[in-house]
Each structure stands twice: as structure tokens, then as C-alpha cells.
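Residue numbers (the working numbering), protein chains in the order written: chain A, 1 to 338; chain B, 1001 to 1891.
Honestly, the hints are just simulated from the structure, not real lab data.
Owing to the predicted nature of the structure, the values given are computational and were not obtained by experimental measurement.
Built from N, CA and C at the ideal position, the CB exists for glycine as well.
The reader is advised that the hints may include incorrect statements.
One side of the interface only, derived from the structure: several residues of chain A facing chain B at Cβ under 7 Å [claimed, not checked]:
no. : residue
1   : L19
2   : Q21
3   : L39
4   : G40
5   : T46
6   : D100
7   : V101
8   : P110
9   : G135
10  : T137
11  : T172
12  : D175
13  : F333
In silico lysine to aspartate or glutamate, EDC-like type, Cα no more than 16 Å apart, as pairs [stated by the list, open to error]:
no. : chain 1 : residue 1 : chain 2 : residue 2
14  : B       : K1546     : A       : D140
15  : B       : K1174     : A       : D140
16  : A       : K93       : B       : E1764
17  : B       : K1546     : A       : E126
18  : B       : K1689     : A       : E208
19  : A       : K15       : A       : E69
20  : B       : K1546     : A       : E69
Below, each chain spelled out in residue letters.
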Amino acid sequence: MANAEILRDEVNRLKQEALAQIGAAGDRDQLDCLRQSLLGKKGRLTILLKELKSVEADARPAIGNLLNEAKSELESSVASKLEQLSSEGLSAKLEQEWLDVTLPVRVAPPALGPGSLHPLTRVQRELERIFQGLGFTVVDGPEVEREYYNFDALNIPATHPARDMQDTFWTTAGDVLRTHTSPMQVRALESMTPPLRIVAPGRCFRYERIDASHEHTFYQMEGMMVDRHVTVSHLIYFMKTLLREIFGGEQKIRLRPGFFPFVEPGFELDIWFQGRWLELLPCGLVHPRVLQQSGIDPKRWQGFAFGLGLSRLVMSRFQIDDIRHLQGGDLRFLRQFP
Amino acid sequence: MRISFNWLSDYLDLSGVSPAEFAEVITTRVAEVESVERSGGGLGPAHIVQVLSVKSHPRKQNLIVCELSGGATVVCGDVTVKKGQFVAYLPPGGEIVAQGDRPARKVESREIEGVLSAGLLVSEAELGLSTEHGGVLRFSDGEATGADQKKVVVGAPLSSIVGGVDTVLVIDNKSLTHRPDLWCHLGFARELSAILERPLRVDFDRWADDSPDGAALLAELGLKNEPQFQTSIEKGAACRRFAALQFSGVSHCSSPLWLRRRLFSVGAGVRSLLVDLSNYVMLDIGQPNHAYDRAKLTGNKISARKARGGEPFVGLDGVERRLSESDMVIADGSGAVALAGIIGGQATAVSETTTELLLESANFDGTVVRQTAKRLALRTDASNRFEKGLTPYQVPLALHRYGQLLQQLERSAKITAYCSDCFVERPAATSIAVPAGAIFNRLVSDSLASDSRNSTDSGVPGVALGRAGEALTPERIVAILKNLGFSVDSSRNGELMVGVPYFRAGRDVSILEDLVEEVGRVHGYEKIPEAAPLIESSVPKLQQLKCLEYQLGDLLAANGFSEIYGYSFVNPNVSERFGYPVLSRDSGQQGKSISLEPGAVQLENPIDAEQTHIRTSLVPGVVHSLVRNGRHERSVLIYEVGRGYQHSPPASHEALVLKRVDKNAAAYERRLLAIGCCGACPSDGGAPKFIASGRNFYLAVSVVERILRLVSVKKPVLVPLGKKAAAVGAGEFQLLRGWMHPHRAAQVILNGVSLGVIAEVRPELIADIPERSVVAELDLDLLLEADSSELHFTPLAKFPDSLFEISVVMPERTHFSELSALLERAVPEGRLRGVELLDVYSGKPLKAGEKSVSVRLAFGAPDRTLSTEELQLLQNGVMNSVEKGSYSLRR
């Protein structure tokens, strides 16, 4: 009988035997011993591997394959048994940890611990307070939004570049993650009857790589007033009132042309801040097509709308140098806002 | 988009307008200016001199010493400078512009290797005219001057040839998306003319064929009915107009210095006169156009057509691309010669041998151009303009302007062939009816018509925009519109009929509100006073959820919790590991009470290959944050108020939330609160053993109960989550999820509604932190729905309760809830007024596997003090019930 045949039989026998032993191993130590005796330096399979030299040259590749397969099969068997043992160990441990979850005991949190509201929440609350004082209702809407509300109803045509994949997150169902809080204009126009005043703070998304000054997740606050005879003068009044409240005292501002399809005329409102003009909030008179689309007669009703960049406001308010802190969930950052 | 002040000065008088004012006017009236640049800064004192003599430098071989007309001697590094040449000279005090990393520097008289050099001979790059470093700028050999027609005069300042120091505005392209007319200098010249009220010096608009002379001028140009060279538009091609003009007698040469400098100053490349002119015309009047070498075109006809699928095309950039049927090409007898509106073809490009050229000017559909440019990742100056939707009426402008400039610069050039102008789709003229006072009334509130005390800070310096506080009279409104090129006619009832000029028609200006913007911005928004509106006073409605968010935020923050904001994206494997599979699944194998669980919303284009879904729960994020902070904090208390999304409401949720399920919603939204606790508590020392082992769990329970009290006085019930799902309440929280410790998890039930869960996190998920972590998650919408009962006062007890202590021995794994249920049953309705836990004890003398639970019961009645007999009866009832069960009394 050729060496090849002998070796093949031996490998197969060893494999069967070893698999059975591995399967029966009761704990880690036992498994460790078993591995040494099979796959270690002087392990049984290792010794068989060395005998490959003695096999006839033409049969060598086949036997070599067989040996390698056996080796990897045993290795993976050991590994999976190890995992099984440790998860069994964990389960056994958890099994010991029964707790009466219905016990009526009260544990007080550490008294006066260093709790904190997120800086975005703080600023958002402040703005909500101001706008509620001005008669605006705070409303809220979905972050996963219909394309219609995010674009079409806002007079953003199908060919608008903002609809490209590089700017907007799309879901596989063809919806979007809202790219601004402006869809809330439409939702408010649909669900309320004018005259109306709303603000809608919330989370928005843009398809953007994250770095110190860019985030795909950011926060805005949309505002809108619809009434009879709304003019640019009114818009300026509300914006100046808002800024007086936020910054305390009269602020130097300017309106300049800005293009947003859902307002006409559209503006960028800049504020004079630390010796230069800072772009703060886009705004404008609600585009008549937006009103019409939601069934409101633009001849009888007009409105203004604005969008406040909450993330940006928070960053400049607290001199935060890296936008990633806002979503980072790091207590060393959060506790600075008691 | 870059706009040159000098270029604009060709078109209107800008004297007295400083660079700062120029930028200010554009910013506040037209479009966003990103930055202001100075161009050709070296031109100040630079002038032309003749080289009178050239000597070699006494010490250095690679330097020469030149004597110049005017008397100066300079040392020069360009040894090719020869006696008699006319060269550019920068005297001491002049400035060499910054180039690359080298900053700008002043020219001084200084010794160079022992020879005094009074100033320098300079190159184009040193003057800031181009990137050309090829030695000293010369005017004698025709090579540098190219097609300059100006005679070289010794002593003439360079600025007389190439223009002086220039100011270039870099305009934010996004602010011009809606203004196709502003992608050129002519557009900005029109704006400035209207704003500054200074007339335009040129009338290029007469070339547009909606002007009275347009047709005649076109015919004159050679666009005739029976052309020798034909243009055509094939069916289905997204082309509204296609015209071409043929020139002969052209030759290859470089552009004159002034033209190259202009192109350089606005960031355009420089090639040869014929190509440069094409670019120049586009930057000048805004119409993209393309010059073909006529000799390389096959046949006497070019047409605009759809590309054939797979059709190859090699562009001017030398890259071969395969086209698709959605693309559009210009084709001659042999095939595609240009990718319509994007780039010309290599094979038919003008070159050194060109003597005849065909100039194409056409109008293509913006969307088709944009899609092709995007698909091929080939965005060009032409495609950027077409994307915005150009007017077809400006097609002739390019032909006229190119011809005008070419004939100026190369006298031998002639228009030789009659070509055709194929105009298949003429947009109708737009006119807008404006009711009397309508424009004014949208800008300014009536009550403040003449009051401008409150006008905003102008910030605009005086020279350019003067007249702060100027009233917006009807006359002024008409004047502004006319200055902007609109026609204004009054009709009988005081209504204005406003005609939109061809270059603004289309998407840009079509309704009254567009005119309001035109008038407002040119008048100046800073002149519009602020005004409080007269409106009905109304109290804004407070949203319940908003109130709850405020309250629970304050509550949690005051109790040491820090608010986090987590990401909405989740890795599906992580979500799965936590027990929230992203795919929809029916988990109802275990009985009817467990509902179908709808899947998570998946992103088509995730930012990161792993974060592909929208979270359905806040728990994975909160655990992540616990782990992250737990590495360096002893104790971590955090919470998040956020949203989870699923395709649809879970079946068992539906009945509860039906009324607020929005049919127009893209996905089912759940507003959630999650709190996370881990780490040691400083006040832990004295806690009894039975509490210490589950301290964080009981802490979470306490916090959750406190939160529930914000909306309901009813007591919540905690039901253990185990392998057997308990059939209590509604909601999918009944599942024991992957993240939960199997023996330390409970659902929170209020008024029969399952609001959420509290559970210890499985240790393998938080391997990095030593402490036990507990997380709770509540559905805030369900919380608000769960109890709608009104608060009612309960009369205070008039008679004292009687207390009774009892210790019950029971199997170790018996829930307290079972004991309290037993006690409730044992006492007649209304008599048991409280059960207080005193102690849980296990150990000797109890058997292993047993525990003793001590409670204090309070018995009472609202109308009397219970008698001794009554009490005895109640106590006996309790003791009998305990012993009848599997429990015993510890005496």
C-alpha cells in the first residue's frame, strides 16, 4: 500500500475523532488542551503534516490539500466551540442575575448632579419663548419627508440642482430626509387656516461629509406668518424684534437679495457682528405659488417666511469651534451647558 | 463668476465708484459677492521704454545691463533682450504682484552684483496680466503684442494698452441660479446702469431679434432664407434655436495683450485669438458659442440631434466618451462634432491651419444639458450657463459680437457665407398687469408710507447710492422698472402693463412678486422702514408634546442627566444586534399578542456604507454614548429626546395612535425619550443589599415614574420581560430585545398601555465599561395618549389607618408584583390603603432558594376607624391567603 493511502486514512480518522472530542469539550481548559494536542507544535495533525514528504510526488498535492482542509476545519471547529462555551458562560452568568424588576424601591439620582440641557435645546427654547411672545405657535413635523413637501410644494422644480443625489439623502422608497424645515410651511398651510403664525424648529439633513465645519445633520427653525397685507416692512419688524431679543439691544442689520424658490422677493439678512457682516437668516415674502399650492388665495393672503440656522447660531453664541461636538454626545462638552 | 470693473467700464461710466462701493452695490442690490480681488496690481507706474544699449554684466554671466530711453539703467536677467526693443519697465516704487507662494514686493533702486539697477524690466506675470513668465514683456516683435492694433509709443503707460489696475468681484454662483442674464458682463452692466442711473454706452440689445432692428441686422449679418450653409434641428432634439455664421480670411495668432489680460483677470484660459474670442464673447454678452474649423466639417450642413446610444465622441479635452440617447449633439455629414451646449469636438477644432471658421450660436434645453454634463462629469462654462435656461433671443448677440470683435482685431476676416438661423420655438413675450399701488403695498406698510425714521442702517456709502430715505413714489417705481429694461404702459384704471425684456423673460420674471423684488432691491431694502403689523391678538396654542419635552428636560437636567443629540443613521448590523432588525418581520410565532414589526427606513444614498438606515430606537445611540463616556467618567447619566422611524405603525400600535397617523407622512414617526445610567452613585453607601444589586435599574424606574407623573396621576405597572411574553397592554415593547439582560428587563405599563421598557444592557454590548448600565426608552406619543383622565381631588382621610407588618417566605424568583396582587385580592375593596416594602432577606435560617419579604400594610376606611374585630378579620384574611398560596408566613 502506498504511503498516500495510509496517510489519507489516518487524516480522516483523526479528523472524525477530533471533531467529536471538540464537540464534547466541557470548558475552556479542556478545549485548550485539545487544541494543543491536535494543532500544537507536536500536535497529532502537525505530525501528519510533516509526513507529507514521504508521500509519492504525484499524490502529494491531493494529500496536501486534504491535510490543509482538515487543519482549517479543526481550527474553525475549535473557534466556534469556544464561542459557544463563552456565550454559554455568559448566559449562565446572566441566569444567576435574576432581579425583581417589580420591587417598589426608589433610588434617588445623585442630588444636584451636573445635569445639562443640550446647547441646541437651550437656544431653541429661547427662540420659542420669543416667538410665542409674538404670537407664533410652535409646530413640529417629520424628518423623513415626502419629496412633495420638501421640494414640489415649495416651488422647487424637478430640474432644480438641489434635488440631485449629491445634496439630498433619499430613501429607497423615494422619500427624502428633509433638507430644510421649510416643508413645515406647507404642512402648516395645509392644516391651519390663516391668519397664522408658526415657528417650526427641527433636525435637517444634507448629503455632506462631516468635518469641523460641515455636518450632514443640522438644525433649523422655520418661521412663517400669513395674514392680510403682509409687507416687507413687517418682515423687517419681526426680524429686528427677534434680534433685539437674542442679542439684547438694537442691532445693525441689512437685507440683500437672496434667491430661494419659495419666497419672492427673497432676502439674506445679515447682521453686523464683530466688525463684519454675518449672514444670519434667509427670508422673504411667501411665494404666491406656495400659497396657491396649499389652497390659499394669494390675492387675499400674503405672508413672510424665514429660516434660522440653529446650529450656526449655537456655534457663534458659545464660540464652539467644531460642529461635530453637537452630535458627539461627549459629557465633557455637554456639561459646559448647565 | 468673476466680474471685472474695467470690463464693465466699457459699458457705462463708473467714475467715482470705488472698489468697495462697487462690491457693496452688487452685494446689496444684485447678488452675493464672495470676495473682492485686485488684478494687474503691477500696472501702476509701468510704462513702455526702448532699450538703447545692452552690455553684459561685469560679474555675472546670466545678467545683462540695459540703458533705457528716459535715462534709467537696469540689470536684467532675460539675456534675450536686445538693443532697440520696446519693453515693459517698472520704475522704483512700482509693485511686482504676488505669484504663487511669493508675496507681492515693491521695486527699489538697488545694486545687483555691484551694478545699480533703477527699477526692472518685467514680465506679464510680474505685472499680474497673465501667468506668462516667458521673459520680459516686449512690444517690438509682434509676438507679444499679437493682434494689438495700437501703435507702440515710447513712454506710454502700460495701462493705456491693457487697462489699469482692476477690481474683480467673485460672485457666488448659487446666488445667480435664477438669473441666467447675469452670467456675463453685459448683464451686470445693465444692473449697474439701472441702480446708479447711468446710461449704457452700448446697445447690444438691438441685435436681439425681438428689437425693431433685430431682423434686419440678422439679415445683414448673413443669416438668410436661402443659405449656402444650413443649420437644422432634428425632431426630438431639445434645441430651440440653432444659427451659424461663416468667416473666411482668419488665421491663427495669439490674442492682443488687453484681451488676454481680461480673460486672465476673470479666470479664463488663453489659447489663440479665434478660441479666445469665443470665450470672450460668452463672458461679455452671456451666450455660449463655438468656433469650428470650416474646412474640417463634412458637407454644407450641421444639425442638432439626439445622440445615438453608444455613439463615440472625442471632445476638445481629448477624452473619448460614449454617449447615450439622452444626450444631444451637433453633427455634420460625418457624425457628432460637438456635445450640444457642453464641449466642442477635437476633430473639428480650430488650429494653426484654420483659414475659415464656422461660428455656432444656439439655444439648448437646460435640463438636457445639465443631465448630460452631470452624467459625464463634464461641467463647462457653457453647460453652466445653459443649465440656467438662457433665452433664445440672445443667440444673434454672439454672432454679432464675435464678428464685430474679429473684424476689429483681424481686418482680413470676412463673413463669407449665408448661413441659416433655425428658430423653432419662440417663447411668447411676457407682460404683467400690475394693479395701482400693488408693488408699493407689498414692500411698505401703508401707515408708514412717508415715514422713514425707522429705516435700517444703510451701510451703503454715499457716492453710489445717495438719497437715503428717498420715498418710493409711483414715478420712482416706473423709473426703476424702465431702467431695468422693462417696458411700462399705464392702462385706464391706473393699472400698469409691464413688459418683461427678452433677457429676463422665462422662469426669472413672470409675476407681480418678481417685479416687487426688482423694485425693492434697486430702490434699496435699507430704505424700507420696519413696521409692526396691526393684527388680531391670539394666544399661541401650546403643543402637549412640546410642554412635555420642556418639563422632562428640566426634570432630567435637574436630576443630573445630560442631554445628548444622537445621529439618526444606524448601522443595520448594530441595530440587529440590539434587537431592532431593519427588515420588516413578523415576530408572531409566540402568540397573537406579538405584532408584526415594520422595518426601518433605508437610505438610497447613505453617506457611509455602514450607516444605511434610519434608527427605529434611540437605544443603540444611547448605549454608544454610555460606553464612550464611561471610559473616562465614573458615573454617566444621559438622555435623548429624538425620533425613530418605521415604514408603518406596528400593528398593535395602530389603534392607539390612529388619530395622529398622518396619511401624508413618508414614514411612521415615533417621538422617543431614552435615558441611560451607568456607573457608581456617590450616595450608594447605605443602600440595603437587595437594592444595591439593582441600583441603576431602580434608579431608572424611579426616574421613569417621576416622568410619568408629569402626565398622569395613575401609577405605572412594571411587568417583567422574559422568554415568555406577557400579554399585558398594547405595543411592541413586549419583546425581550437583543440588548436586554434576560432577567433585568421590564415593560412600563400605564393605564393598560405599554409605553416603553427599562432594562439593564447585556454586558457584552458594553464590554469597555466595568459598571452595569441601565437604559429606558419611552414612546412620548403613547405617553400622552395613555391617560386622558382629568385631575380630581380626593378628600383627605379623616380617620387614621391601622398598620400591620408581615413577613412572607417565598421562592427567591418570585416577583413582588405577585405578592402585592395576592394581597390586593385578600383584602375587600377599599380597605387596603397601602403596601410598603420593608425588607427583602435571604440567608439563614431560610432555606436556599427562598427569600423573605417584609411589608407593612395599611388598613382603613374613609368613614370610620376600623374596629379591632374588623382589623383582626382583615389580618386573618391576609394570612390565610398567603398560606393558601405557595408562600408561608415567617413568624
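Evaluated hints:
1. L19: 27 Å, violated
2. Q21: 28 Å, violated
3. L39: 27 Å, violated
4. G40: 29 Å, violated
5. T46: 33 Å, violated
6. D100: At about 5 Å, which falls below the 7 Å cut-off, the nearest Cβ of chain B leaves the hint on D100 (chain A) intact, so it holds.
7. V101: Holds: closest Cβ of chain B sits about 4 Å from V101 (chain A), inside 7 Å.
8. P110: Check passed: Cβ of P110 (chain A) comes within 5 Å of chain B, closer than 7 Å.
9. G135: 6 Å, holds
10. T137: With Cβ-Cβ at 4 Å, under 7 Å, it holds.
11. T172: 5 Å, holds
12. D175: 4 Å, holds
13. F333: Since the shortest Cβ distance to chain B is 9 Å, the answer is violated.
14. B:K1546 <-> A:D140: OK: K1546 (chain B) and D140 (chain A) at ~9 Å, within 16 Å.
15. B:K1174 <-> A:D140: Judged against 16 Å, a Cα distance of about 29 Å means the pair is violated.
16. A:K93 <-> B:E1764: Holds, at about 12 Å.
17. B:K1546 <-> A:E126: Given pair K1546 (chain B), E126 (chain A) holds - Cα atoms ~13 Å apart, limit 16 Å.
18. B:K1689 <-> A:E208: 52 Å, violated
19. A:K15 <-> A:E69: Within the cut-off at roughly 10 Å; holds.
20. B:K1546 <-> A:E69: 63 Å, violated
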